[in-house]
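S.K.: Residues per chain are reported as follows:
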Amino acid sequence: MTLSNRSTAAGATGADTQTDVAMLRVQDVTLSFGGVTALLDVGFEVRRGEIFALIGPNGAGKTSMLNCISGLYRPQQGSIRFTDAQGASHELTRLKPSHIARLGIARTFQNIELFRHMSVLDNLMLGRHVHMRGNVFTCGLYWGRQQQEEIAHRERVEDIIDFLEIENIRHKPVGTLAYGLQKRVELGRALALDPALLLLDEPMAGMNVEEKEDMARFILDTNQERDVTIILIEHDMGVVMDISDRVTVLDFGRKISEGRPEQVRNDPLVIQAYLGEEQFQLRW
Amino acid sequence: MESGVFFTTYKADMGLRRKPVHKVRLLVFVAFLIIFPFLASRYWLNLANQIAIATISAIGLNILVGYTGQISLGQGAFMAVGAYSAGIFAARFGLPIYLNVPLACLITAAVGVFFGLPSLRLKGLYLAMATLAAQVIVEWIITHWTSLTGGTEALVMPAPTLFGQRLNTDFRFYWIAVSMALLTALFAANLFRSRVGRAFVAIRDQDIAAEVIGVDVFRYKLLAFAISSFIAGLAGALLANYRTIISWERFTIETSIFYLAVIIIGGLGTINGSFFGAAFMTLLPAFINNLGRALQTTAPAVAGLLPAVQQAIFGLAIILFLVLEPEGLAKLWRNVKDYFYVWPFSY
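Which chain is which? The protein sequence lines are C and G, in order.
Sequential numbering from 1 applies to the first sequence in our numbering.
Sequential numbering from 285 applies to the second sequence in our numbering.
No wet-lab data here; the hints were simulated from the structure.
Where a beta carbon is used, it is the ideal one built from N, C-alpha and C, also for glycine.
Below, simulated DSS-like cross-link-like pairs (lysine-lysine); rule was C-alpha separation at most 27 Å, straight line:
| hint | chain 1 | residue 1 | chain 2 | residue 2 |
| --- | --- | --- | --- | --- |
| 1 | C | Lys96 | G | Lys407 |
| 2 | G | Lys307 | G | Lys615 |
| 3 | G | Lys621 | G | Lys295 |
| 4 | G | Lys307 | C | Lys172 |
| 5 | C | Lys172 | G | Lys303 |
| 6 | G | Lys615 | C | Lys172 |
| 7 | C | Lys212 | C | Lys172 |
| 8 | G | Lys621 | C | Lys172 |
| 9 | G | Lys307 | G | Lys295 |
| 10 | G | Lys295 | C | Lys172 |
| 11 | G | Lys621 | G | Lys307 |
| 12 | G | Lys303 | G | Lys615 |
| 13 | G | Lys303 | G | Lys621 |
Sample of chain C residues at the chain G side, in silico, Cβ under 10 Å:
| hint | residue |
| --- | --- |
| 14 | Ser70 |
| 15 | Ala101 |
| 16 | Arg107 |
| 17 | Asn123 |
| 18 | Val130 |
| 19 | His131 |
| 20 | Gly134 |
| 21 | Val136 |
| 22 | His153 |
| 23 | Glu155 |
| 24 | Gly175 |
To list a few chain G residues with every Cβ distance to chain C over 12 Å, as calculated:
| hint | residue |
| --- | --- |
| 25 | Phe322 |
| 26 | Leu329 |
| 27 | Ala375 |
| 28 | Arg376 |
| 29 | Ala417 |
| 30 | Arg456 |
| 31 | Glu533 |
| 32 | Ile537 |
| 33 | Asn556 |
| 34 | Asn573 |
| 35 | Phe598 |
| 36 | Phe605 |
| 37 | Leu608 |
| 38 | Lys621 |
This is chain G alone, in the form it adopts within the complex (with noise of 0.2 Å):
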């Protein structure tokens, strides 16, 4: 058993697994996401692939909601831009993925920055309300701007080539969707452990002391804007390019409320958290689907009753979640590692 962690060097006390257990945990992690698509069926994958972009949209929100403390209501139309932009590009203009993602991202960050000029003014539900006029306003011209975006009809892109290899199966596309998302986190837990998200953070837990340290509070609002929004288009173009069919009923008021349970659930104001959320959230309407037809041969009155009840088991399922730990999944696993920690001396 170990007394206590010490460091003889301040990079290594800086460094972001610190304890040898940690790199092997972190292999063990990295060694499973390679072995895994090669052994899981095409369902799973399709749900790997789902958790990897959710991830991706939750880290993004996470650094706005969660880090920052600028709620938002926004997340949904953030991916539609990101979606949209995409789509546009690979289908109008023939741009192949590594183009049309980057581009999107650029410019739903734009359209981010801009939709988070209100937070000089305003803070807390108020600031929610603002980005709800941007989800809103979002959604009308996607709707409305026919020409361009296709209306209520769905966008159909061509499905996105990389290597001279078509990303048209689930398996091809994890590489994409799983690097994408490894990436966004290592990047996440680089910026706040540094200047720029100690900035971040500092203005989240008390604004006008970081003013007075010397943090230009408006101009980091606005970044964390910019870095959350250029995530969240990162995750809708991804999301675009997987499934090639476009449409703006998977962007709207709905999916914003979904990623913030997301980020909820899985623990404000960390990484992990984000990851552990989104697989919950995307877990638990499958297994439960799962179940129903399970019972179809068994006990087919509760199957039958299943796809009634199936939102009002979500629903209890998250409220249960958020009484018993309210700083969600991550603090839950913060608790199984204290208590492997000291075990079997836990006192």
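Same shape as in the complex, but just chain C (with noise of 0.2 Å):
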């Protein structure tokens, strides 16, 4: 259903009108741990149903900024504005890490950060608990209403089982699976959450070409059929410029360049950024 409001939109007021809403509007972000400057004054937007780059060399301070939105840093000084489905504006930098996730924002992370000991149903449904109610008391008798929750919430679950094509593993414990299945399964548990907005740190990093062709299908039809906005942090430049709709390029904690991928690559300092004082034609 959304994805038909988006495309009739498009088709009648030209492409760039139902993008220019921006989501996430980040401004002026500091952060340093003591005398280590990550971030200084970074500043971005973030529009609704793009897919959003976040490129720079190693230490450049990209997972840094994730971190920032999802409230596991304070940044020194800036703001990170989000604004929900509903039009209600939040600031990111003032909330908790859960209260962050109950406004539709959800993360995977640049090391697989799975819940080792669980099976991968338990892991997704983990995705579910913002929308779930139950309480010690129900969970505990698990009876009636607690019961039917879980069920309904099972099957939600099972809708993203049947997306990312893990039917076969879903009760096998997690910390047993290959690395690119816990890949997919963290992306799974993010996607449990029914997000509006997405940040995937490195999906693709350690994957071999095909596990990465999967990956890269699986977050264009999360973007697309989900309708889900994606910040992307991916060193595997091929990717980014393949499915990302703008870029952001980090280096040292600022900003050096944005735009379409294209320009993004013909930048010279992009290419210094990357290679050094010397110049030369850049393949990606």
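Assembly of the complex is requested from the two constituent chains, each provided in isolation within its own frame, with the hints serving as guidance.
M.R.: Set out below in structure tokens:
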């Protein structure tokens, strides 16, 4: 339904009006640990419905930026404003991570942070945590409404299991799964939250070409079919250039470039940041 | 032989006992629990009551340590709060068992939450030290607040009555202890297949990810402390009503360590492991005692030595267990089940 809304809007009034709405507005964010400045006056906007890539050399501050958005780090300066589906605006720098999750922001981690001893199903069910009502008493009884709630959310989770094609491992403990599958389960757990905004921290790190292609397809499907706005950190430039709508480049905690993939790719500052002083044509 | 288990509804797939064989096994176990007291001697009934109460306490500790990953050395203190609260309500205010036990549980839960506050900042061994403080403080209060607790003297309470029956025999108390143990186990099993329990396990496995997925970690840690100490208080209050003589010496740091041993030997993060561990740790000393008595006539020299080496045998058994099956008795039980599941084609 939401998908058709988007396409009709785009068809009626031109491609840009729908995506012009800023969902996330990051302004002048500065984050330092003691004397080390991780982010300095970083600002960007993420529009509703786009895939927004955050790239840069190692240590540029990409993950720190995501941690600020999901509330794990608190920047010393600046603001991060998130506009939810109802149009209400929230200042994320003042909220707890669990509160930010309730607003509809989910994420995955660079090093997989799954609940290792739980089954795939239970990991995904935790993604439904914020949508469930059960408390100690109803859970301890597991009767009537609570049982219905568990079953209803199990159905939602099974949708995601179908989507990610992990039916055969749903009862397996996550810790025993292969690396690529764990990455997929982590994406599933984030999707189970029904996020409006999804933060992906190197979803393809350490994967082979085939796994990367699968993951790229899942990310595109998530964006288009499930109408999820995505912020993506990725080192594989081929993937970034192929699937992202816009790219922001960080280097040593500063933003050095922003724009469409082909603009960023030819930006001398970006080439310099990646390759050093001497300039030559970069093959992405 | 089965080739797999398949369900057509999510309800069946999410059941507690999913296969007929599970249900049969449960029925046999409950039937045994019902028949047992009519056949057993006082001695065995006493042991059964001890095991039931220890199981309750172990489930409580397992919720905190095994499932939520918050190490606690304060189990003895929490049981003491439960026991003394129940005893004081009964002895000083004359409250019956169906009031003094629930009240004691609530008080213990509040005390547990208070001593769980450091878990906001502390993890692992550091948290263990903080809960050790709970143990020391509670013990000190009990032995020094003489006007309320009787101090180092034992607190004596009247034998409880329920439905006009005095629960002053092992046989009569058995029904209370065992049904409370079953209820506690059922509550815990339900908890850990639904929302709240999953959040607990998530905190144990990966607390940052839990926070980011929307679990309010601090709140749930305190909730784990509350539930765990509520159940510890239940065990303590039942013990008080069972013995009717409450002495602080039953709830020292040794008790805390005893229950940690129970859940480690039984299996961390398992409900049936709590029962296995409690049974093992209660029956082993009894077994060694009986062995000593049996040897008194045939081999008095060995029997004379036995009390001296009793603690050593106990320790040795625990060490052997940890080396041979680190995941505890619950894992052994699972191995046995797996063996028979594929028997006789075990390849």
